[in-house]
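One-letter residues, chain by chain:
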Amino acid sequence: MATLTLDRVSKIYGHGGKDALKAVNDVNMAIDDGEIIGLLGSSGCGKTSTLRMIAGFEGVTEGDVKIGDRVVNRLSPAQRNVAMAFEGYALYPPLTIRDNIAFGFSRDRLKKAEVDARVKRIADLLEINDILERYPPTISGGQQQRASLARALVRNADLYLLDEPMGQLEPRLRAILRARIKEWIIERRLTTIIVTHDQTEALALCDRIAVMEAGVLLQLATPHELKDRPANLFVASFIGEPPMNVFKARVERDGGVARLIAGDEAGHDAFGIELPLSGAGHALGNRHEVHLGIRPHLVAIGGGGALRGQVVSNQWLGDQSHIGIDLGGATLIAVTDGALDVPAGSEAPLTLPLESIHLFDAESGVALMHGLEPAAPGVRAAA
Amino acid sequence: MHPAIRVVLLTLIGLFFLFPIVWVFLMSFQTNETILRIPPSLVFEPTLQNYTALISGRLETGAGVLELAFMQNLWNSFVLSFCSVALSLLLGVPAAYAFARFKFFGSEDIAFTLLSFRFAPALLVLLPLNLYFQDIGLNDTYIGLIWVYQLITLPLILWIVRGYFEDISPDIENAYRVDGHSWFSTFMKISIPLALPGIAAAALLSFIFAWNNFVFALILASADKQPVTVGALAFVTASGIQYGQIAAAVVLSILPTLALALYAQRYLVEGLSLGAVKG
Ligand SMILES: Nc1ncnc2c1ncn2[C@@H]1O[C@H](COP(=O)(O)OP(=O)(O)O)[C@@H](O)[C@H]1O
Ligand SMILES: [Mg+2]
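Protein chains in written order, with the working numbering: chain A, 1 to 383; chain B, 1001 to 1279.
Since the hints were made in silico from the structure, they are not lab data.
So the derived label-pair ranges between C-beta atoms look like this:
| id | chain 1 | residue 1 | chain 2 | residue 2 | range |
| --- | --- | --- | --- | --- | --- |
| 1 | A | Gly142 | B | Phe1016 | 46 to 56 Å |
| 2 | B | Asp1167 | A | Ala117 | 34 to 44 Å |
| 3 | A | Arg109 | B | Phe1016 | 58 to 68 Å |
| 4 | A | Asp207 | B | Phe1102 | 33 to 43 Å |
| 5 | B | Phe1102 | A | Ala20 | 16 to 26 Å |
| 6 | B | Arg1266 | A | Gly141 | 24 to 34 Å |
| 7 | B | Ser1116 | A | Ser42 | 43 to 53 Å |
Even for Gly, the Cβ is constructed at its ideal location relative to N, Cα and C.
Please model the complete structure; the sequences and the hints are all you need to start from.
This is the structure:
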């Protein structure tokens, strides 16, 4: 187990010229011993490329990869002591699943009983005991994926790279395995990077989450921070289900107060809120336009709400309600924990609490304010 | 389709393709007289004299006794084909892997150049080569012939095996490398076994091509290094063409390739049933 540091790492595919593609762009990461990191981002954003550079299958075009205090750029995959579960499983077809799993630590020269015990332990964990004697081409994608995950987790490595390890599993099994895998990783203090499309998985499994887009690392932070203090508009709308409500807003200054007038899709004024300019308000600078965001479950419905909206939909999902509200032409989604008796067509008073408001620069998308606090300085702009 | 019709059709096709071989097989048990009988007949008294003549190396013709080097020729064929294929495998399999896995500068051009050896008319290459070989003493040696045979076997092996390597997911190799194995042991333990059906097919095919080659050895080798293809010329004797012996020689010279094909078939079929290598 070890730390992992990426120091300004870039990957360019192709040999310059017009077919060159910058798949990973100047990524910095410092991962602690025993930390579980989620790598989240849309398809093609460079997640797999990042892992492949760490494992040593791809050269690093720029920057340094450090495992522990060793710069490993020039080391072969064999010398890096990294375990990896591949996106495409990469099981060895002529061997049974058992041998595929045991293959991973064939170099350790363990006694057969010890090998069997280790295979059994991980096979129990991932529910693949019944297919240990089968061959990879004869089992389903989900089973191959678990076998491939088992092969990685069972090893003794400094670092574990899991590339979409549960993408092929049905949701119920995935939820069960997620908890078990987390326990396995924490028990052994494994330094782990998990690539995933599924943010529920990332939020549940990881100490910190790295959000990538177009090769750029936008933010590496705890799930809490990502939700409460997203570094930019992309992260804000990427993380959270349903996604954050975002409106384009005009800024009007009136004495010590800023009026933020949000527009609807066509740009007509929809609703406004007032923000004291004292304190954090200076983070607004002299901007005339911002993006205003609020998470759906922080919209407060009812009571003496300052705004009045028209309910357009109300969906009870069994544990929460998704309520669509028309606010002067702009559509807002609110989430409440209980069922709420506001049928479509009714009027609803609501409040957008100032401490839950996020403001972003209109052009770069960089966060300006979270609640009434200025966003942390020095965060990267969305590309 | 009705099964009976299928059987009939398959039999017809089989007969059509096998007829020449069957005919030659029958000829090999006949004397020249019965072969040249008009009209030809399927009824004859089988004789082993063609085979004994070939194996003992003594051919008794109307014009006297003729020494035959057929067994030596057969041995030469075997040595030349086997060594050529072995050398080509040694050189071609690693090269095929390199062409499949690494896109280095000019890799496509080099691969194509190697293939283009097969486009050149052999005689055009051989006549000047013969002069050089005489100068450096490679003329009429196994080594010289095996070297030239690479023109036949190497491109074939290179291009067929390359395709098989390309079909193996690099991540299967990566998975092994990341477990702590060197590049070389990954190549030996993972890549080669997975490409084995392809390697077997390529080896078989190039063995047959080498075995059937005529013109290289005709020009570059003298009697004691000649393979059966060239040696067969000896059956055209002063007292006529020895059809019986030719037929027996054909049967004997088919046998090694046939045996090899039957043996390699196991690997070929195994390769097909392991089809899902791409995982
Ligand atoms: N070997 C390669 N050669 C050229 N381009 C590649 C290669 N591998 C990936 N890419 C490109 O790099 C980008 C990032 O790919 P990848 O890292 O696989 O994304 P992700 O895993 O996030 O889906 C994609 O545009 C992809 O097409
Ligand atoms: Mg990927």
